[in-house]
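Visitor: Single-letter residue listing:
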Amino acid sequence: MQNTPVIEEVRRLRPEFADLEFVDSGGFKAVYKATLAGHPEAVKLIYIPPEAEEDGGRAEIIARVKREIEALRLCPTNRLVRLGSIELQIVSITGRDYLLYSEEFLAGESLRARIRAQHRPDYAELRTLMTCLLEALQAVHQSGHIHRDVKPDNLIATGSPDRPFILLDLGIAFKIHGTELTARHAGPPGTLAYMAPELFQPNYKDVLDIRSDIYSAGVTVFEYATGTHPLARAGETEYSTVWRILNQPALKMIDLRGDLPASFCGLVDRCVKKLPALRYATPQAAWRQLETIQ
Amino acid sequence: MKVLAQNGHQPSNKISEGLAQGVLDGLIISTRYTAPDKAEERIREAKRINADADVLVDPEYYATRQLGTPNNQLGYLEDWPYFNAVPRRDLVRTGVVEEALRQVWVEVSRLGVSAHIAPNIYIPQSFDSIEAGIAMNFIGGAKDIFADGRPVYATIALDRRALLNPAEFKSFLNDLTALENPPDGFYILVGGGLINERSDVVHSEIVDANVIGGWMLLNHVLAQNGFRVINGCADLLMPFLGVAGGDAGATGWWSNLRVFSMGRYVKPEGPGGQLPTVRYVSKLLFNRIRLNELRVYAEILPGVLNGLPLDAKYTGGTPTRTDEAVQTWEAISSLNTGLVAGDIAQGLARLDDCVTQARAAYACLQSRGLSEGIEAVSEYLTQLANAVQTFRRLAEL
Numbered sequence: 001m002q003n004t005p006v007i008e009e010v011r012r013l014r015p016e017f018a019d020l021e022f023v024d025s026g027g028f029k030a031v032y033k034a035t036l037a038g039h040p041e042a043v044k045l046i047y048i049p050p051e052a053e054e055d056g057g058r059a060e061i062i063a064r065v066k067r068e069i070e071a072l073r074l075c076p077t078n079r080l081v082r083l084g085s086i087e088l089q090i091v092s093i094t095g096r097d098y099l100l101y102s103e104e105f106l107a108g109e110s111l112r113a114r115i116r117a118q119h120r121p122d123y124a125e126l127r128t129l130m131t132c133l134l135e136a137l138q139a140v141h142q143s144g145h146i147h148r149d150v151k152p153d154n155l156i157a158t159g160s161p162d163r164p165f166i167l168l169d170l171g172i173a174f175k176i177h178g179t180e181l182t183a184r185h186a187g188p189p190g191t192l193a194y195m196a197p198e199l200f201q202p203n204y205k206d207v208l209d210i211r212s213d214i215y216s217a218g219v220t221v222f223e224y225a226t227g228t229h230p231l232a233r234a235g236e237t238e239y240s241t242v243w244r245i246l247n248q249p250a251l252k253m254i255d256l257r258g259d260l261p262a263s264f265c266g267l268v269d270r271c272v273k274k275l276p277a278l279r280y281a282t283p284q285a286a287w288r289q290l291e292t293i294q
Numbered sequence: 001m002k003v004l005a006q007n008g009h010q011p012s013n014k015i016s017e018g019l020a021q022g023v024l025d026g027l028i029i030s031t032r033y034t035a036p037d038k039a040e041e042r043i044r045e046a047k048r049i050n051a052d053a054d055v056l057v058d059p060e061y062y063a064t065r066q067l068g069t070p071n072n073q074l075g076y077l078e079d080w081p082y083f084n085a086v087p088r089r090d091l092v093r094t095g096v097v098e099e100a101l102r103q104v105w106v107e108v109s110r111l112g113v114s115a116h117i118a119p120n121i122y123i124p125q126s127f128d129s130i131e132a133g134i135a136m137n138f139i140g141g142a143k144d145i146f147a148d149g150r151p152v153y154a155t156i157a158l159d160r161r162a163l164l165n166p167a168e169f170k171s172f173l174n175d176l177t178a179l180e181n182p183p184d185g186f187y188i189l190v191g192g193g194l195i196n197e198r199s200d201v202v203h204s205e206i207v208d209a210n211v212i213g214g215w216m217l218l219n220h221v222l223a224q225n226g227f228r229v230i231n232g233c234a235d236l237l238m239p240f241l242g243v244a245g246g247d248a249g250a251t252g253w254w255s256n257l258r259v260f261s262m263g264r265y266v267k268p269e270g271p272g273g274q275l276p277t278v279r280y281v282s283k284l285l286f287n288r289i290r291l292n293e294l295r296v297y298a299e300i301l302p303g304v305l306n307g308l309p310l311d312a313k314y315t316g317g318t319p320t321r322t323d324e325a326v327q328t329w330e331a332i333s334s335l336n337t338g339l340v341a342g343d344i345a346q347g348l349a350r351l352d353d354c355v356t357q358a359r360a361a362y363a364c365l366q367s368r369g370l371s372e373g374i375e376a377v378s379e380y381l382t383q384l385a386n387a388v389q390t391f392r393r394l395a396e397l
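Residue numbers (this note's numbering), protein chains in the order written: chain A, 1 to 294; chain B, 1 to 397.
No lab work stands behind these hints: they were computed from the structure. What you are looking at is a predicted structure, and each value in this text was computed from that prediction instead of being measured. Errors might be hidden in some of the hints.
If you want a taste of the chain B side facing chain A, the calculated C-beta under 8 angstroms gives, among others [to be verified]:
(1) Val221
(2) Asn225
(3) Pro268
(4) Thr277
(5) Val278
(6) Arg392
Glycine is no exception: its CB is placed at the ideal position from the N, C-alpha and C atoms.
Chain B on its own, in the form it takes in the complex (with noise of 0.2 angstroms):
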């Protein structure tokens, strides 16, 4: 499963050391934080770091439904021509669909991306809504007006909720893979938390059984029906998402490019508080941890460090933030790599015993008296678990 930079605020040189180490296979560049002039910049630096870069541009259009709103931040997004509110009563004719597509088209098919990526609107809280509808007309339509000859991904924007009804759920699945002349790919993003609300809790949000299990098994279906599938947001859920089906994943070096929300495009209540402190994806346990604690677990349980090129830069000083987000995005490519099997079964094996594993070395560190947080890391790992459980059921393995 290939692991894609998700473009953010900051980039600095993080996306090219992702690239010249080998760990990232791509990026996918954000039309808010680039200016339409700078796109083609962004794509030929990749580009000349890695010939074979995967570089894809998201035209974020499910954000034009935060134009207008108080407080929005949507940075260069105004800046595309593309990005004008359409009110969804108009969306609803198909004719009004075809014109956003081909807006989009207009901008981004001067950029020598790789791959497309059709724009979509958010799918706010169901399948069986307006809005699901529409966004089913824009899927349809981007074979039709994406037509380079480069591959189409079509967007699936989606509230967290969608995936909690499993007959509307379902009922979309099956009018997806139905589609006349459907795209060859998607680009899915499920998205949590309400307008304002912080990060962690839109990370608990979607660390929830049957949301992973859901995201997975949406994987798995357009896999079967031979769709590839780049997963924006994924961070360490990339190697459940590619055990399912997926072909890709993103994930970015702040909170809101690891998993995602709507309210990225609105300004926080409140002054800004501190930045987060800097940490290490480690493998064993499944989590992303401080510095201290990796120390201190390492002491114990020397298999907390992953052995991979970038724990020098932890075990011999302090990371950088182009570090940490570099040693992200090597953890996960070489958890994708342990993970990930041709056999669906033998994957979701590997994925069970990886869940087990992080609960017994975090076992073995309670037992050393090192508890803080642990009923928090308790309730996340039991929902991967479970989350593999209810893929199985959903999937009919």
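Bound-form chain A, shown alone (with noise of 0.2 angstroms):
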């Protein structure tokens, strides 16, 4: 992130804020430990460029901060990261100006670190895992929401049995129906390798909808169960990986884990199919289909 504050300057701003550790920074923002009223929190700082005063563009960062804290307090369920006890706020700090929120700490670690170090999960983490997604994915739904980044990254393994996976960062979340953030000629925002195929045509906010996000977490899920993602291959160009993501047929988890239930793969692939409606038309549809597999 650009203008990163050193953890003095976040100390001077809030003296309240103990045990401050600097976590992690990327894009605009960056996320630090703090410790308030006794509990652990995620404390967030979302940079304003100065010159995005000029081009409408501070004006859609703070929107898209109050829209993703919006869908989380719409979203009721504890299968998502909760928000903490800082409401949003504009402060500055050395002169630029920055959003500070918070969200709950979570202590874990990412699928994504789980995949690097060749984790392989068996079938109760599998179907747990799977749960937890649809769940969230349903809060996120029945909100009118559209979660749009579901991945490894976005998902933390707490080691916790009341919520052994929780979601995180609905910061690109969209509305259905609700006001547009971005031009209408700007590219879907997203992970490539995660996206679904529709969100490449030039008219995705016409058809988006919360399959979208179901595909996402049929990849999530398939390529935390064999350390493989389905269609992109490692290293290529992200050409490349749209074309398959278009065009090629997506592996099959049975080849890959043929010791995991036929069923439980097949619901993984059908999560992964290109045309939206194979897919399961809501997350409750994929998670009903899951309670009749043992």
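Combine both chains into one complex, guided by the hints.
Guide: See below:
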């Protein structure tokens, strides 16, 4: 992130933040861990570049963060990260503007980290992951949003039996029937290898629905289970990945994990179908199917 | 997969025999061939023979486009109060569509049908059309209006050409499976041919790999999304649609009940020709053959005979028109039982085998000098074989 405030700058801004630690940064966002009223929280700072003032970008950045917070507030599920105690506000650090708010701090590791560590989940773990993910997406769906960035990096395995997997980051969530936050000609936001085929259509906003998230969920679970992306190949160009997403049949999960129930593999494969109509219509429909699989 | 009778002209005792002999699971009553005051009688008669029979009434609303056209033949349709021409420019308004649905509902809700077929207009050419948009409004409103607890099947009546544009077709499927208050199922009619074209032209247009593959995809997508699917005028394509996920198919005794065409609502030009000869549906040949062919073929290849009870009507004498109709339902019902499997991969493999065996049987007959019409048969079987491949590709299997 550009202009990431150092720990001392954040401490000066909010002396009440105890045990302050830098966690991560990327894009315009930096994340810190702090203890507030005895509880650890993830403090988020989003940089508002001064040049954004001129082209309407400032309003868009603020609207986007407001939308993320609104989406989280409207999703009453513990499968999604919860908001923290700090309400959204604009702060100034060394003359630069930032948005500040907090979420609960989640201890654990991302699915991406586990994939890198060549973790091989068993069926029970995969079933739990799929259940948590579908419950999270059902809440997103019922709130009238689409997550748009489901991927291994945005899922945290906590090790807690109550909340074993938690979905993060509604930063690019799309509100169905909501005001557009980006120009019509802008490409779809998201992480390319996890984007559903329909998102590469010029009119993607007209065809976007929760089935795009179901696709990304399928790709994520497939990759976590097998260590292999069902379509993308390591090191290839972005346009090659896009071509595969649009044209190439996805790998079949049963071919890579013959030890898993065929019906579970079929469920994941169905989520990854190119035609949205061939996927589950809602996360709940997939969840009902999952319930029938032992 | 259930086999239903597609009701039409001159039913005589065909349907009652089919129900009594257990080769039919029900019927779809045509409002063109049934006066409003006779519909309930027809339903009661079917239920008397088989209390569990599926009895539905097709309001044939899609035929309203023929109202006011010269040489139309609409039979009793014009006696049904709902059968009024509504201009397309008015049907783009949701309120007008709801009123059209309500008018049909008023008439059919008093009938003892086991499920409702909700009306729709005909999609004549493309899913990217005003008609397709109107059709979607009919589908979207059906469940709200037809609300007496009985299952509701929304009609999708379309021209074959609509299935041939994959991008538009897939977009339609995506919209169809995202409706907020969908019906319980769909009643699908795929039509071919232009007005006044002969039924054999219509048949050859429907028996096309891309049309059948698309029709199968429509069944598959709807079944995958939890809808029940009835295919009108499906005839010998029934097992293909059943393998793809369809629940039922219908066929009748005249060619216009075996293959759908809007041409059925227009009087043919010139005098009517002779009645077609009686034919036999051979499961092995996956085809309908003439009596003289049956006798010659069966001497060379006994498997041309199905080994089913109605064979006796053909081997022991001259079958009647009723025998012919019942034999068709018997053969298709048996094909469905043998081919439609719970597992789609297994069902498709069986279809492949079935078509291969038909090709092999015809090759055997040809080797014995029986090559009349073999080119047409070969083309027909090629289309069926390719349809399975087309479907596999479209359904991403």
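Visitor: All the hints need checking, so say for each whether the structure fits it.
Guide: Quick rundown of the hints versus the structure:
Look at valine 221 (chain B): its Cβ gets to within about 5 angstroms of chain A, closer than 8 angstroms, so that hint holds up. The interface hint given for asparagine 225 (chain B) holds, since its Cβ lies 5 angstroms from the closest Cβ of chain A, which is under the 8 angstroms cut-off. At about 39 angstroms, the closest approach between the beta carbon of proline 268 (chain B) and any beta carbon in chain A exceeds 8 angstroms, and the interface hint on this residue is violated. The restraint placing threonine 277 (chain B) at the interface with chain A is violated, with a minimum CB-CB distance near 43 angstroms, outside the 8 angstroms limit.
About 42 angstroms separates the beta-carbon of valine 278 (chain B) from the nearest beta-carbon of chain A, more than 8 angstroms, and the hint is not met. Hint status for arginine 392 (chain B): violated, given a least beta-carbon distance of 10 angstroms to chain A, over 8 angstroms.
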